[in-house]
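Using the supplied hints, reconstruct the complex from the two chains, each of which is provided in its own coordinate frame.
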Amino acid sequence: MSQPSVMVDGDHSTEFDSTPAVSVRHLSKSYGDLIAVDDVSFDVDSGTVVGLLGPNGAGKTTLIKSMLGLVVPTSGTVEIEGISVHDDPTAAYGHVGAMLEGARNVYWRLSVRENLEFFAGLAGHRPSEVRERHDRLLDQFGLAEKADVAVNDLSRGMKQKVALACTLSRDVSVAFLDEPTLGLDVESSMDLRRELRRLADHDSMTVVLSSHDMDVIEDVCDRVLIVNDGHLVADDTVRNLVDLFRTQRYRLTLDALPPDATRTRLAESYGVDDDEWTTTGEGVEFEATLADGAELHALLGVLLDAGCAVHGVTSLDSDLGDAFLELTDRASPAERGRER
Amino acid sequence: MRTTVLVSAIARKQLILLTRYPLNTASQLVGLYIFFALLFFGGQAIGGPAIGESLSGLIVGFFLFTMSVTAYAGLSWALTREAQWGTLEQLYMSPYGFGRVMAVTVGVNLLVSLAYGGFILASMLLTTGRTLTVDPLTIVPLVVLTLGSAIGVGFVFGGLALVYKRIENIFQLVQFGFILLIAAPVDAYPFLRVFPLAQGGNLLQRAMRDGVHLWEFAPTELFVLVATAVGYTVLGYLFFQRSSDKARRDGVLGHY
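Sequence lines, in order, name chains A and B.
Once you know that position 251 of the first sequence is 251 in the UniProt record's numbering, the rest is easy, because the numbers rise by one and skip nothing.
Once you know that position 62 of the second sequence is 62 in the UniProt record's numbering, the rest is easy, because the numbers rise by one and skip nothing.
Rather than coming from a laboratory, the hints here were simulated on the basis of the structure.
What you are looking at is a predicted structure, and each value in this text was computed from that prediction instead of being measured.
A few of these clues could be false.
What the hints assert, rightly or not - Here are some, though not all, of the chain A residues that point toward chain B, as calculated from beta-carbon distances under 7 angstroms:
1) Val72
2) Leu122
3) Tyr270
Even glycine gets a Cβ: it sits at the ideal position worked out from N, Cα and C.
Chain B with its partners taken away, still in its complex shape (with noise of 0.2 angstroms):
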């Protein structure tokens, strides 16, 4: 079967899903935006001078923040919504699989990540008139890497709602944890980078602040990016199959 259909089906429809209510999808922006905002001029009225010097670190952690969490919501939410909807054994019953289904779904995501990012990027530089190194040949790699890890969660997650339900309240938690993970000190603790989002984190930050280009960052770095990114991808899809057949057993796959 052409997946070319299945992609351009379920790219569609998250379009219109995004597009068809426009108040709330920019509300969604805005939120972020103000979100920044606050942590900006927040921190310049409290802080004065002082926030210039890390106000490049928290762009690129923001700008990081923004897309993981889109990642990984678009999954763990979205497969959540799904089955209160009563769409889900929709999904499951495609001729395509639902694991096929599914991993079109987090590219499509993927892609609505990367335009919020690009969107709060922008939006950041120009309140901060901050300039910082963006070459997309460095920085779509990094990025696509390190959201891999997002992914990798947001498959667990998902997982875990299929069969519990209403777990909502963690997926927010996970969330905060994000920021914890993009700001771990992995120069100083350097066992931090095999957590999610890290390594990717500090590559970003030094690619987008002082301007190394991806070629010029260790191999050793990048082969952990890499593991990373692959690894948490394959674990969580993995443990979300294996959710999905106990979901199955259980009988509970389709129930909000």
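Just chain A, with the same shape it has in the complex (with noise of 0.2 angstroms):
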């Protein structure tokens, strides 16, 4: 199958006149032989949720570390709202806010709102100037009955909305999400895609979120960037990366078995093979995966010149995890597996 054009290298930048709210250039990082992200480039846009997507070991974390200066890139660079995160820093996190290890990044022996004030002193906020945001974070993520309570006695849901209040602990315009909803609940995960998107929506935050949950991009994203095995593969919207691959598979159902000369054209020139035909109560039915419109046209001539009588034709759903896969199955498995 022909690979779907995505656009890569940071296409949406000319999107918008406004300065991105992150923009990475030819960013790379390699640790000896091992390159674990190569030469990615792309722009954030303010007030827009981004999702992060990657198998196992293609990059993902380097990626989001090296955007915030946690790990040095071997080249390349990465501005926040307009600023070097690497070379001034502390000018860059100012505006920045990151979950990075989802529960495992607060104090679980501070109280919910003792860490809460914690990480908006460690930005320059007295607890008093910050104390009506931290109530509203509180509500908002349902925590405020569990206000005073150790992080430590809550459960694991709690424990990662409270890492998630504390990176809204104090006033930033972007923040950078690592597996956020990673071993929450069904409505745990539901609570916080309505709050990422609210954020996105109502506070004109920007949010870089990584997941391995499809249905959490899907929901939230207003855009997917696909990495895999270091490379940006695929930075389009959801709908974009859904209707690429939605148009491509087709289940055709004819009254009967078409003639053998038939069905071997249909494997010659379109991949049906004798395995893929199945009988139903209204005949026998394929499947097909072809490369646009024109084929299928093609293909039903074929059909139709042989006397077939062809009940239906049914474009297969896809969804973020059809494109997903497809964007990275062109890396080799061995290459996948890698730990970075």
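What follows is the structure, encoded as structure tokens:
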């Protein structure tokens, strides 16, 4: 199957006039011979939620940590709100919050409110100055009743919420979230998704999040970056990525099995092997992956020329998971399992 | 940005961590006291009245040992724990800068060390009935400058922990090394004064046992004390900075 064309290399920078909230240019990181991130460039516009997807070991965490200056890149630049993270990190950190290790990002011996106050203090805010903000966060995350409870005594989902609340404990315009819903139950995950969307829509916050959960990415993200073997292999909206694959696989239902010659031609020209045919109550059906609409017309022509009655043609729905698998399928399996 | 806010945040956190589990903190202090009591009563049982001749030296030495280990461990162990807890990278991303955050942490740890030292000194004096000169105008500057070199060593091993991880066993060996440094015979071997804790230990002994005031020490002796304090702190901090840069290059800053 031909590969879809997806926007990469910061194509989105041309869509907006304003300075992007995050700008990554030719970012690379190698550990000896191992290339963890390879010449990655993209922009993230203010007030958008961008998802970072990739198989294990694809380089997502290295990419996020390089964007935050926690890993020194081999080459390339990263700017947050126009400030170089690597040249002027303290100025850049004034705009950014990060939740990198889920619930491990906070002090379990401190209470929820003490954590919020500590992390706000770490950015120069006195507790009295951020009290209202913290009360609001506690309400939004359903933590108000647990404000004075030590984090150690909370459930995993609540700990995760505390970590996110701490990321937002001060006024930041960009948030990096590494696997924010990992280990959450369905309800907590839904709460978190709503909150992330609200942050972008109402507070104009820019969010870059990595996740293995396709539902989270589909629900929350305006754009998706797919990373594989350190490369950016896709940079587009969820809808565009899904649409790219939706139009390419069809299920065709016929009244009866076509003649041998026709089946041979279908196998040779469209990859419909004998084991693709299944018998149903209406007749027989098969699935075919086609390059485009014109190829579908050609295939239908072959069937009609052979005198087959075509009862139905169904465009098979594709989701982000299918798109992800298609896009990351290019990497060799040996490359994929590497830890970074 | 206001450094007072950072100081307040870190001091508050340290205080909460110390007091939230009071039994844990108390057990550390009691452990130190028991260690001294074993030395004292054990020494009395074995050496009889002879222990009295070296008791003052033992008290001053143990007083300094308690504070130097607290100051050193407060830095090296704290960095390891922050990495374990997953909060080290959050500290690194402070808009104040990692260096400033660590400097304030050191300052707060120093106060904790002084508090521990004060407690253990009072306990030792009460237990032994010994009287020593405790002139704050002399003792505090001497102790703070002496701990400067312990902090420098803490920075070095904290930096090594960032890069190599899991070196807690070496931390403990270094603590034993402190005993040798505090007891170093600097009068017999003057070159030993350049080692961490050695000069400070010697001056503190003379101040507390013999009642020598700060201004009565020879300027060269004070110069060596200041030079070793500043030198080890600066060198330790530079080493720590280079270590954290290496940890970031290797991508292991927050690893444990």
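Mind checking the CB of A/Tyr270 against every CB in chain B and telling me if the closest is under 7 angstroms? Cβ of A/Tyr270 sits 47 angstroms from chain B, so the hint is violated.
Any CB of chain B closer than 7 angstroms to the CB of A/Val72? For A/Val72, the interface hint holds, since the closest Cβ of chain B sits about 5 angstroms away, which is under 7 angstroms.
Closer than 7 angstroms between Cβ atoms is the bar; does A/Leu122 clear it against chain B? Give me holds or violated. Holds. Min distance 5 angstroms.
Of the numbered hints stated above, the single one contradicted by the structure is hint 3.
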